[in-house]
Each structure stands twice: as C-alpha cells, then as structure tokens.
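All chains, please: the whole structure from these sequences, using the hints.
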Amino acid sequence: MRAILIRDLRLSMRAGGGFGLGLAFFLIVVVLVPFAVGPRGDLHSVIAAGILWLGALLACLLSLDRVFALDYEDGSLDLLATAPLPLEALVSLKALAHWLTTGLPLVLVAPFLAVLLNLPIAGYPPLLLSLALGTPALSVVGTFGAALTVGVKRGGLLLSLLVLPLYVPTLIFGAEAARRGAEGLEYTMPLAMLAGITCGTIALLPFASAAVVRVNLR
Amino acid sequence: MASLWEYANPRKFIATSDRVLPWVGALALICLVTGLVWGFFFTPEDYRQGASVKIIYLHVPSALMAINAWLMMLVASLIWIVRRHHVSALAARAAAPVGAVMTIIALATGALWGQPIWGTWWVWDPRLTSFLILLLFYLGYIALWAAIENDDTAADLTSVLCLVGSVFALLSRYAVLFWNQGLHQGASLSLDKEENVADVFYLPLLVCIAGFVLLFVALVLLRTQTEIRARRMRALLARERMG
Numbered sequence: 001m002r003a004i005l006i007r008d009l010r011l012s013m014r015a016g017g018g019f020g021l022g023l024a025f026f027l028i029v030v031v032l033v034p035f036a037v038g039p040r041g042d043l044h045s046v047i048a049a050g051i052l053w054l055g056a057l058l059a060c061l062l063s064l065d066r067v068f069a070l071d072y073e074d075g076s077l078d079l080l081a082t083a084p085l086p087l088e089a090l091v092s093l094k095a096l097a098h099w100l101t102t103g104l105p106l107v108l109v110a111p112f113l114a115v116l117l118n119l120p121i122a123g124y125p126p127l128l129l130s131l132a133l134g135t136p137a138l139s140v141v142g143t144f145g146a147a148l149t150v151g152v153k154r155g156g157l158l159l160s161l162l163v164l165p166l167y168v169p170t171l172i173f174g175a176e177a178a179r180r181g182a183e184g185l186e187y188t189m190p191l192a193m194l195a196g197i198t199c200g201t202i203a204l205l206p207f208a209s210a211a212v213v214r215v216n217l218r
Numbered sequence: 001m002a003s004l005w006e007y008a009n010p011r012k013f014i015a016t017s018d019r020v021l022p023w024v025g026a027l028a029l030i031c032l033v034t035g036l037v038w039g040f041f042f043t044p045e046d047y048r049q050g051a052s053v054k055i056i057y058l059h060v061p062s063a064l065m066a067i068n069a070w071l072m073m074l075v076a077s078l079i080w081i082v083r084r085h086h087v088s089a090l091a092a093r094a095a096a097p098v099g100a101v102m103t104i105i106a107l108a109t110g111a112l113w114g115q116p117i118w119g120t121w122w123v124w125d126p127r128l129t130s131f132l133i134l135l136l137f138y139l140g141y142i143a144l145w146a147a148i149e150n151d152d153t154a155a156d157l158t159s160v161l162c163l164v165g166s167v168f169a170l171l172s173r174y175a176v177l178f179w180n181q182g183l184h185q186g187a188s189l190s191l192d193k194e195e196n197v198a199d200v201f202y203l204p205l206l207v208c209i210a211g212f213v214l215l216f217v218a219l220v221l222l223r224t225q226t227e228i229r230a231r232r233m234r235a236l237l238a239r240e241r242m243g
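If you read the sequences in order, they're chains X and D.
Reminder that position 106 of the first sequence reads as 106 in our numbering, one-by-one numbering, no gaps.
Reminder that position 187 of the second sequence reads as 187 in our numbering, one-by-one numbering, no gaps.
It cannot be assumed that every hint is accurate.
[What the hints assert, rightly or not] Label-pair restraints from in silico Cβ distances: (1) Asn68/D x Ala192/X: 31 to 41 Å; (2) Ala192/X x Trp122/D: 27 to 37 Å; (3) Leu32/X x Pro22/D: 54 to 64 Å.
[To be verified] Once the Cα atoms are required to be at most 20 Å apart in a straight line, the calculated EDC-like pairs of lysine to aspartate or glutamate come out as: (4) Lys153/X x Asp74/X; (5) Lys153/X x Asp152/D; (6) Lys153/X x Glu73/X; (7) Lys12/D x Glu227/D; (8) Lys153/X x Asp151/D; (9) Lys153/X x Glu149/D; (10) Lys153/X x Asp78/X.
Think of the hints as simulated: they come from the structure by calculation, not from any bench.
Every value quoted in this text rests on a predicted model; they were computed, and no experiment measured them.
Quick reminder that beta carbons are idealized off the backbone N, C-alpha and C, glycines included.
Right, here's the structure in full:
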C-alpha cells in the first residue's frame, strides 16, 4: 500500500507539471478576482472566503483527470486491479495521493492568498479549518468522477459536468463556515456538517468508485 | 402466474406497451386539455395575484414530475444493477431527457410567475436553487450516457451515477435550506396538511397533475420502445457486416 502511495506521489510530482499546476491556477484565480470586481478592499474582504473556496475547488477539479488517466493508458491500472490489494483500497489511496498533492498545498498557501484579498483576521482560523476539513471530500468525490470518465477520451469537460453538482454540499458548508468566521459569527455548526460530509464520503464513496473502475476495466 | 418481470423481455415489453400506449396518450391528452382549459378559463382569478395565479396548472405538475422522473430513474437503475434487465436501463435512459425538460418547464414557469409577483425572475431561494442543481444532475446523467459507446458499460456507469447523485441531490437540498431562507411558499398540495389551495383551484390542478403523469408515462414508454428498436437495428447492422 505504501509503495503505491509513494509511487503515485512521485508520479504526480515528476510527471510534467501536475503538481504545481493546481497551485498556480489557484494563485491566478485569486489575482484575477480583484481585476474583475474592482480594487475596493472592503468588497474583497466580504467575498474573500468564498473566492478562496471556489478557487480551491476549481484547482482540485483541474487536476482530477490525472488521477486514473495515466495508469489507464499504459495498462498499469489493470495490473493494480488484479493485485491482491482490494480495489476499494487502491481507489482510496489514489484519492489520498490526490489530496496530498493538491488539497494539502492549497490549504497551506490559502492564508497567503487571503492576505491579498484582505480577509479579516478573525477569518483565518475558520478558513484554514474548513479548507483542511473540506478538501479531502473534494478529492474523494473527484476520484469518483475520474473513475466514471476514465474510459472516455478527452473526458475533462464531462468530468467537470459530473463532479460540479456533487461538490455543491461541500462548497456550501465549507464556504459558509469560512464566511461566518470572517464576519465574526459562530461557525462550528457548518464546520461540523462539513466534517460529517467528509467522513461520509471517505467511508462510502470508495465503494462506488471501485465498482465504477471495475466496470470500466471490463 | 403473471409477474412484473415478464416485461423485462423486450419483445413482451414492446407488445404490451404498443397496446397500452394509445390509451395512455389519449388519456393524457384529455386530462391535459380538460385541466388546462378548466384551469385557465373557468376558475376565478386570485384577488391578489390576478390571472398570473393560473400558471400553477403548469408549474406544480411539471415540478412534481421533475422529481418523480428522477425517482423513477433511481428505481430503474437499481433494477438494472440488481437484476440486469436491459429494458430497465433503457427506461432510465429514456426518462432522463423528459425529466430534464420538466425541470426546465418548472424553472421557466416559476420565473414567469415570479417576475410580477415577487418582482424578480430569480432568487437564490432553497427550492429554486435545488431545482437548478437537479437540472445539473440531469444534464450530467444525459451527458454520461451520450459519452460512452458500449451500451452495457454506459448503463452500469449511469446507474451508479444515479445512485450517488440521488444521495448528493438530497444532501444539496438540505445544505441549500441551511444556506438561505426562502421566498417560495410552502407546499401547495400535501396529504397531511390542512392548508391546501382552495377547492376551486384544487380540482383542475389534480386533473392537470394526472395529465402530466400520464404524459410522462406515455413519453417514457415511447422513448423506451425507440431505444429498444434502435439497439436491435444496430445489432442487425452489425450482424450484416459480419456475415
């Protein structure tokens, strides 16, 4: 298991610009927002939490088609599927690797980008907490979407169409927690709901993803 | 002993649905014409909303069917996953565009009604938002069917998507409820509530709902037949090329 995880991490870091791409995209989104809405700092601090969440979500989405595609093309996914490791575990590992290379760096750079958007000081802990709790769900749900579209050539757009509606609950609770925190309100409730969604998806969705991978490998 | 599973045989399904289809279609037409004419011309105007209240005869039935079509797809997907009946998978495929159109009708009539009454075409109200999300789910489902060439693979993948999507659609429904309080009124019809719409509006509305249900059944039967025949045709063509 550890070997597969390390292999996936290495692949995503070394194989042509998968690793930094999400971060760069996140940075660009945050830089473009002030150009789009105008230079008013007070407006930025109102929408900062939402923009950061949306940017993180889109950056996650961007790197999803790499979760299975490379392994599917060179046939190593077939080998992995016939290995003694259950497919459910393999799918979970893939999601974990995706989170470690995409979600976690996003969480780590989010506070620096929040400075650019003039986020109020009280907003930092809830933003970090909600991103740290919510991005695993994004990775797991996204892995399911990637598994669905692994057999489709140029399935990137289809993948976004399938995954975005599935991201709605995570985005609502995550952004709500961050927003409430930035306004100085109580934010434990949406944070708890967000944690619930993350735990639920981590526990259940790998079964659906594994079933879908099996279908696609037939 | 006749059982429901007989209709898993495509030939039996087509034979029976051929016999049933004209009746269902005719009944749907009668119900829709009666209900809509009755509703539009022979009910009083609401004293606050005027004539715009009459859009209820399109809005409520289509919204109802938008949700029920997804439920039907869910049941059909489950049957496909458990018992591998092709007719079931094709019925789910056939229902999706109908459900998507129902969702669009509900959204559009709601917007037309909302403009004079609420003073806006659109608000991010929980009900409206959930319907928009439902529409996205329909679009994704249809797109996935269209993208995958192998029929059985497509049926399997869309069934799983339908199951997972149902869970997430429900989650979104309650998440949205938490996110924003609404402008939309409560349910117009319910079995366990005292407060329904007044009787003069109630009866034609029921007729309209019956019409929409029958219309949905007729369309799904027809589209399932078409899918079965299209698949047969592809099989015949393939055989010809081989032999």
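query = Given the hint that lysine 153/X pairs with glutamate 149/D, does the C-alpha gap stay at or below 20 Å?
reply = holds, 11 Å
message = Just to be careful, I want the Cα atoms of lysine 153/X and aspartate 151/D compared with a cutoff of 20 Å; is the pair within it?
response = holds, 16 Å
inquiry  = So if I understand the rule, the pair passes when the alpha-carbon distance is 20 Å or less; does lysine 153/X with aspartate 152/D pass?
reply    = Distance of about 18 Å is within 20 Å: holds.
query = Within 20 Å, alpha carbon to alpha carbon, are lysine 12/D and glutamate 227/D?
reply = With a Cα-Cα distance of about 15 Å, the restraint between lysine 12/D and glutamate 227/D holds, given a limit of 20 Å.
message = Taking the Cβ atom of asparagine 68/D and the Cβ atom of alanine 192/X, is their distance within the range 31 to 41 Å?
response = holds, 33 Å
query = Straight-line Cα separation of lysine 153/X and aspartate 74/X no greater than 20 Å?
reply = holds, 14 Å
inquiry  = For lysine 153/X and aspartate 78/X, compute the direct alpha-carbon distance and say whether it is at most 20 Å.
reply    = Status holds; Cα separation ~18 Å.
inquiry  = Tell me if the beta carbons of alanine 192/X and tryptophan 122/D are separated by a distance inside 27 to 37 Å.
reply    = holds, 31 Å
ask   = Is lysine 153/X within 20 Å of glutamate 73/X, Cα to Cα?
value = Given pair lysine 153/X, glutamate 73/X holds - Cα atoms ~10 Å apart, limit 20 Å.
message = Quick check: does the Cβ-Cβ distance between leucine 32/X and proline 22/D fall within 54 to 64 Å?
response = holds, 58 Å
Consistency note: the structure conflicts with none of the earlier hints.
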